[in-house]
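Chemist: Residue strings, one per chain:
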Amino acid sequence: MAPGESDTAGGMATTDDVVEAVVRYAAVVSSHRQELIDLDAAIGDADHGENMNRGMTAAVQALEADPPGSPAEALKTVATTLIRKVGGAAGPLYGTAFLRASTAVQDRETLGPDDVVTGLRAALEGLVSRGKAEVGDKTMVDAWSPAVDAAAAAAGDGVAALVAAAADAAEEGMRATTPLVARKGRASYLGERSAGHQDPGATSTALLLRVLADLASERCGSDAGTA
Amino acid sequence: MAPGESDTAGGMATTDDVVEAVVRYAAVVSSHRQELIDLDAAIGDADHGENMNRGMTAAVQALEADPPGSPAEALKTVATTLIRKVGGAAGPLYGTAFLRASTAVQDRETLGPDDVVTGLRAALEGLVSRGKAEVGDKTMVDAWSPAVDAAAAAAGDGVAALVAAAADAAEEGMRATTPLVARKGRASYLGERSAGHQDPGATSTALLLRVLADLASERCGSDAGTA
Amino acid sequence: MKKIINDPENVVEESLRGMAMAHADLLEVHLDPHYIVRAGGPDEGKVAVVSGGGAGHEPLHGGFVGYGMLHAACPGAVFTSPTPDQVEAATKAVDGGAGVLHIVKNYTGDVLNFETAAELAAAEGSQVEAVVINDDVAVKDSLYTAGRRGVGGTVLAEKIVGAAAERGDDLASVTSLCERVNANVRSMGLALTSCTVPHAGKPTFELGEDEVEVGIGIHGEPGRERLPIEPADALVDRLLNPVLEDLPFESGSQVLLFVNGMGGTPLIELYLAYARAEEVLRERGISVQRRLVGNYITSLEMQGMSVTLLRLDDEMTELWDAPVHTPALRWGR
Amino acid sequence: MKKIINDPENVVEESLRGMAMAHADLLEVHLDPHYIVRAGGPDEGKVAVVSGGGAGHEPLHGGFVGYGMLHAACPGAVFTSPTPDQVEAATKAVDGGAGVLHIVKNYTGDVLNFETAAELAAAEGSQVEAVVINDDVAVKDSLYTAGRRGVGGTVLAEKIVGAAAERGDDLASVTSLCERVNANVRSMGLALTSCTVPHAGKPTFELGEDEVEVGIGIHGEPGRERLPIEPADALVDRLLNPVLEDLPFESGSQVLLFVNGMGGTPLIELYLAYARAEEVLRERGISVQRRLVGNYITSLEMQGMSVTLLRLDDEMTELWDAPVHTPALRWGR
Ligand SMILES: Nc1ncnc2c1ncn2[C@@H]1O[C@H](COP(=O)(O)OP(=O)(O)O)[C@@H](O)[C@H]1O
Ligand SMILES: Nc1ncnc2c1ncn2[C@@H]1O[C@H](COP(=O)(O)OP(=O)(O)O)[C@@H](O)[C@H]1O
Ligand SMILES: [Mg+2]
Ligand SMILES: [Mg+2]
Ligand SMILES: [Mg+2]
Ligand SMILES: [Mg+2]
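Protein chains in written order, with this note's numbering: chain A, 1 to 227; chain B, 1001 to 1227; chain C, 2001 to 2333; chain D, 3001 to 3333.
Only chain A is shown next, with the shape it has when bound in the complex (with noise of 0.2 Å):
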């Protein structure tokens, strides 16, 4: 396949699709940096829209300096900008996340969904290894977690129909962050008056799986389903 073409119609995506996710995510991110910023002061410490605006803008940054001859090349561009020119909690543990994604799918030219779901889950693994959060702490792993499952049991249905999943379960996720009491971060000062508020980190997350699983649906058109 010649480099630049799309193949994600056939439920595999490439190099240039892991680079146009990250781009669209950076443009999210950026529409959404005061949302997030609004969210981490209600409980943290208003910079999360920030963090993640200046690590992805940075990240897409680093792609086109040296755009990535694989998808694991480009998932790993992506975490080493966020792991050293971030800073903050987001940084490190996206970083991370995105590290294991790419150490998982290292040897694929393509991903399928199989890639795909062991990718999401190795960024999970990563996740929890640096940050040590269990499910129901309230953090960015209430949306990862249920994600990643969602992931995995629509594995069959191929990639558009497996990130459509993810997505809807983070954002389940998500929004099941509200009435929690933080454990872990910043949040977690707080304590009881923690509850009440959606995680930041969370709801970035389900930004993230939203922007693939759009992706993935244009490039599928309405054949998500059966690829």
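Calculated from the structure, these hints are not laboratory results. Backbone N, C-alpha and C define an ideal beta-carbon position, used for all residues, glycine too.
Cβ pair distances, simulated, as ranges:
| hint | chain 1 | residue 1 | chain 2 | residue 2 | range |
| --- | --- | --- | --- | --- | --- |
| 1 | C | 2206 | D | 3226 | 24 to 30 Å |
| 2 | A | 65 | C | 2143 | 39 to 45 Å |
| 3 | D | 3123 | C | 2167 | 53 to 59 Å |
| 4 | A | 65 | C | 2001 | 30 to 36 Å |
| 5 | A | 132 | D | 3332 | 48 to 54 Å |
| 6 | C | 2314 | D | 3290 | 35 to 41 Å |
| 7 | D | 3097 | C | 2282 | 36 to 42 Å |
| 8 | C | 2248 | D | 3321 | 43 to 49 Å |
| 9 | C | 2210 | A | 65 | 51 to 57 Å |
| 10 | D | 3045 | B | 1179 | 55 to 61 Å |
| 11 | D | 3332 | C | 2039 | 14 to 20 Å |
| 12 | D | 3290 | C | 2248 | 43 to 49 Å |
| 13 | C | 2206 | D | 3009 | 27 to 33 Å |
Given chain A's structure and the hints, the job is docking chains B, C and D with the ligands onto it.
Modeler: Coordinates of chains B, C and D with the ligands only, in the frame set by chain A:
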């Protein structure tokens, strides 16, 4: 005349009258404290009401602690208290005014119309010698100066009439400070922006003279003009 | 938002440039990535002490770089922990061959980023230890949570540990001293107003004219509870009592009492609060041996204060008294 | 009004008690009347330097009492000049037989009360001189007005003159040095927010969310003009240009640059402003020899800053560098 007995009805102010005037002025300052603070906030540093209140409260205490034997002694106790215990511009300025008034009537057992005029004039001169302000500089001199002129012009009509005239003139002088651009005191730092605000010191001066006028008119009944 | 800034993007960098100019005799300020080291290169043969964290807490940490205190500080974006790149660069710049101690405040981001930096620096041959400061009693400590925050105790740890490094203690001793300081220090803070993060553009929280947030951290995080404002003495007691109970501090204890302003509270109020705090300690038979009053670990323009109590031993006292020469703390030279 | 205070009546006294406790090694604080002197009694044979003014400007003046700077400070009520009783008591307490210099900020109340105190002290045998500091270029100077206010230059005068007294200069020299400092120093300030005088209970002025007051003093007096807020660089230029033009400061001048916070402005902003100020001076060929950045002469919790420029000569520089040991300024010992 026995101590405690008042001779104002005959147009003469006794020691007790002076003490009573001080006590009443202290009460008036206390009830106008916030107003004087607000006036000073607009073109100064928001403490004139507090300064005057602190000073007059202390003056009343000093008079109670060591009852004066003459009008001059009463005035001197007020002067010393204001000078030594108040600080700010108002402390030394009012203090000097009271001190010069005391010296001017040093040998009098009671104060007749001419004594009162002499005392008021000495007060004004003291004020000017310390503060170097002229009429039109937007200071308490703008209330004191017309008051002294009015008092002198009405000296032949008795104490009650002359202090009534002085009080009216002081109030007019006070109101006339509003359009002025300040050239002395803290308000001068504002330059043109000081215009449009009434001077706090001129206001506390008008209040003082009104206390004297009210007290004298009470003591003289309606024969103010004929004493 | 009203601040003396040009562009929210550049606040940290432009402020660092000012520090560089104002303290050219003491500091070398690097802008790519951001870190501050002592002028004059690494101290050969001495342990280097490095700290860092989000910007917005000035003078922490950059103001504590200099003789007898920190060797390097890494300021992140406002309230955002620094990146591993910054910490790694700073660590390598000050490593004099005797190892480097990272003093890290306990926040998820700080801990993760310093961890990564330590790995990177170790891979290049630096010997790195880290101590995580977690002195904030407003936060319930538990194995299942992020644990206590690092707040005012950090300033005291940096001074005392910096003095030990200065006199030539080895990395193991400096590290264990830092752990000892952390084990003996407790803090708690409150806010009268929120701060405004420059890139957020509005106050992080809104407080009513009669409310205080008690148990706040140093990032404008809301506190544990919002209460009606009380007289200063009662506010001080609200901070001091949980601090006293926690360690606990007991009659006969020798302590350093640190009353810290959150950035927007003037000294006249801090001294007033200090008087109450020392009085309470005297009543309890606790002996205040050393004192610090001022704005040392702040939250931008937040009005508020924190109280920190450190149980001293002779060595800590001696190291506290040792000469220090930094932009924000200086004595003995 | 939100402050860490108990009762507006007692703010100054309670804060002084805190200073007494926090700096028992350095200061003796008297409460009836209020004045602060160095611990250890008068310096026999040395000129004593005394200053004072309303409270609310902390650390000015009490924070500058100590070796190499002031011998005594007299804090009045908040923003109210001290009484002659205070100044007289302080003057007598520190007179070591070589005379006393009063450093007075040019406000009607301060000048009058210090004058009276000087007369009282002279009547009891003290030799007293006074220098009135009037460095604020925001105020038009004229024979017919109260003249310029004393602001930031006061801090520099107290340090430099205090060092001259410490080295044993006689009263005439110390006085003329103080006049020289005053003749060579200029300042201007601005506010982003008003302060609230405790007994007034509400802000002295109201500023819109997009407004600054330019040309303010240090008592919450409104400034010369109210302007829309601008980027920090433009604000700094607004303060620096009138200062530069006034003396004038010229290419080749050697200066001390002092960027002062009004009490509620955090260091991160002051350093940012400092960077611009030093840059402008560099561009004009003015050589910044010495620097001071921080909250040294404040207006309670006001947010804002002032810029002070002092044209240095060799003697002033040497005296600036001389050791000083006070609660708020310390170096060299
Ligand atoms: N231990 C953790 N594990 C997983 N996610 C976490 C953890 N701690 C924090 N987070 C996530 O990070 C988000 C906050 O990120 P951000 O605001 O960028 O960093 P910081 O908390 O350092 O300011 C939280 O909303 C939460 O979802
Ligand atoms: N030079 C002066 N001569 C006469 N009155 C003055 C002079 N300077 C100030 N005042 C008066 O003092 C008043 C302010 O007093 P106050 O607020 O108590 O003192 P301060 O200005 O020190 O805060 C002004 O309103 C003005 O009337
Ligand atoms: Mg955050
Ligand atoms: Mg006033
Ligand atoms: Mg953060
Ligand atoms: Mg005043």
